[in-house]
Amino acid sequence: MNAAEQFIRRATRGLWGRRRVEAQGELRSHIYERTQYHLQLGSNEQDALTRTLRDLGDPRAVHLGLLRIHSLPLLMTLALTGAVVTGVVSTLVQAKPIVIQGGSHFVQDGRYQFERVDGVYIRLSDLKAALPRTAHLTRTQIGLSVYLPGMVRPIGLLNMVGSILQQGTNAEHPLVNLTDLTRELSQTGVIVDVGGWERPTIRLGAVQFDLDPGTDRAVVAELYGTELMRRTQSWSASSGALQLGLWRRGPRDIGVRHTLALKARPGEVFALLVPQRVEKMNSSFGGVLAYGIGVAGADGSVTFTLPAFARRIHVTGDLQALERAVAALNRGPANSALVEMYPAVVIRLTGKLNSTEKRPITMNVDLRSTVP
Amino acid sequence: MDGNTLRGHLDLILLSSLKHEPLYGVAIIIQVNEQTRGYFTFKEGTLYPALHRLEKAGLITGEFHPAPHGGPPRKYYTLTEQGRSALARKQKDWQAFSQAMRPFGGEV
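Sequence order for the protein chains is A and B. Read left to right, the first sequence gives residues 1 to 372 (the numbering used here). Read left to right, the second sequence gives residues 1001 to 1108 (the numbering used here).
No lab work stands behind these hints: they were computed from the structure. Here the structure is a predicted model, which means the values were calculated and not measured. One or more of the hints may lead you astray.
According to the in silico footprint, chain A covers these stretches of chain B (three or more CB under 8 Å from chain A) [to be verified]:
id	segment
1	1024–1032
2	1051–1065
3	1071–1084
Some chain B residues well away from chain A (every beta-carbon gap over 10 Å; in silico) [as the list claims (entries may be wrong)]:
id	residue
4	H1020
5	Q1091
6	Q1095
Just so you know, even glycine gets a beta-carbon here, dropped at the ideal spot from N, CA and C.
Construct all of the structure, not just a fragment, from the sequences and the given hints.
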């Protein structure tokens, strides 16, 4: 992504649907016109773009300005709507999440990448059933449209192509990516609360999804893990104090249960973080992370299962050699020579893992706690 | 000119710039800059929240049109009837304010 697109994305963060598309289009046009102007004056392309962005100013200022115009009134509307709806309607929906495995190879910015895109989904029909009768939730060609009573106009989840509504799912029984939906709606002002361990729940305003993951801990791990890893990535990489040790086979031990004696109090929740770094064949694999979440049993031990979708591999170097390496990596434990050791970190999660508007999936992570 | 002074008159400036013809963001900036001989300088990005605010208030409407010489479509803003009334009101207020301030402005 170039600097112009970065500016546009930062400036329009938090806007949704038509507003976002239009604001982005307007800024894109501005940057194009101004860049052309500077080119005509004799600047080279890089200088022209730099001057244009400098004249535009801080994208955060634009972002705040746009948010103040478009989102805050909506937030107030939604807050009022939520208050009214909560008083009148409270819906509990039991949904059996569906775990779909997938993955894709692609080249981006000259780097070969492999990304697992497995996710946890619920049926669109379940989501419709959960919303009040006066709400409308419809599919569009480009995403999902959500309307709740009191809103000025529907929220168009435009950027969710292939994410919220997974492409290729059965047209009669479309699936909604649960964590994406939760995260996106949490940024629109709908109060989102994620909690629970044995039976995790997601509350969206007056609606509560009572998830039944069965024995599949991957559902819970995805609910918490993705956001947890994002927030602790840089921190965990730099904190030697929290290194637990080397994880010999790392995230390729997917689906395998690992039990650690942590001397924890029963019921305490822990996260296992496994940053991945591999250097081999004059190439590097980096930034790869895996995670697991476990709750301490009566004897103080915690069992983690690394979910399959926590794999992301960034690769630089000889693409053909790396394609072979990635293919080998994906064939599983038999190729264990390729990936050797990983530093592992365990941190204790405290309090309720919850979320409020504008801060999706706020987690109370006690980063100071270490486990011997 | 400091930002607060500019902010106080931004609506008047923007509505006035659209008085004769629909304009898009960059054209508004150029026109304001030329008409004021560079007196108003501001970070260009802050123009758009102001335009969106006026649009939301119904004083202007925006519509995308293809750019004549290629490039992304431009969003042209047009003054609405409500906007014309608001402009007339603001101009009247400004004239009254300017008249009242004259004795305090000192010799030029």
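Verification of the hints:
no.: 1; hint: 1024–1032; in the structure: holds (count 3)
no.: 2; hint: 1051–1065; in the structure: holds (count 5)
no.: 3; hint: 1071–1084; in the structure: holds (count 5)
no.: 4; hint: H1020; in the structure: 21 Å, holds
no.: 5; hint: Q1091; in the structure: 24 Å, holds
no.: 6; hint: Q1095; in the structure: 29 Å, holds
Checked against the numbered hints listed earlier, the structure breaks none of them; every hint is satisfied.
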